[in-house]
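**Student:** In this note's numbering, the protein residues as written are 300 to 405.
Hints in this document: simulated from the structure, not taken from any laboratory. Among the hints, erroneous ones may be present.
[Stated by the list, open to error] Pairs of lysine to aspartate or glutamate, EDC-like flavour, derived with a Cα cap of 20 Å:
1) 329 with 352
2) 301 with 364
3) 343 with 394
4) 350 with 394
5) 301 with 363
6) 329 with 394
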Amino acid sequence: MKYFFLSQGWRLRRVWEVTGLWNDMAWRRKPIIIPVGIYLVDGKEEMILYKVEEVIQAIEVIPEELPRSSDSSDSKPAIAQVRITRLLSAEQVLERIVPLRLVGTS
């Protein structure tokens, strides 16, 4: 299995496998993408950890709501999509999350 973190407020859109864009008809199923839980990553940001099957190579995510740009023509466009291509191993995930302390321990 492979893993990736996704900030809250973003959702999954398209999935790529080894030969290209995931095709439900060819695979006869949807890709396996399972949210595992919410974790504190690098000690500062809460993110959702997803587990994906090994054949997945990349995942495109988009914001749940696109920020409205101002009426000014000078404004920079908002981020519309991101492609996650660096999927993590279980060991890499464990290196990035901050374990929660039990109540009463120091």
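**Student:** It remains to establish, for every hint, whether it holds in the given structure.
**Tutor:** Hints and how they fare:
Proposed proximity of residue 329 and residue 352 is supported: the alpha carbons are some 11 Å apart, at most 20 Å. Taking the CA atoms of residue 301 and residue 364, the gap is near 27 Å; set against the 20 Å cutoff, the hint is violated. For the proposed pair residue 343 and residue 394, the alpha carbon gap of about 14 Å is at most 20 Å, so the pair holds. Proposed proximity of residue 350 and residue 394 is supported: the alpha carbons are some 16 Å apart, at most 20 Å.
A C-alpha spacing of about 24 Å is found between residue 301 and residue 363, which places the hinted pair above 20 Å, so the restraint is violated. Proposed proximity of residue 329 and residue 394 is contradicted: the alpha carbons are some 30 Å apart, above 20 Å.
Violated hints, listed in ascending order, are 2, 5 and 6; each of the other numbered hints is respected by the structure.
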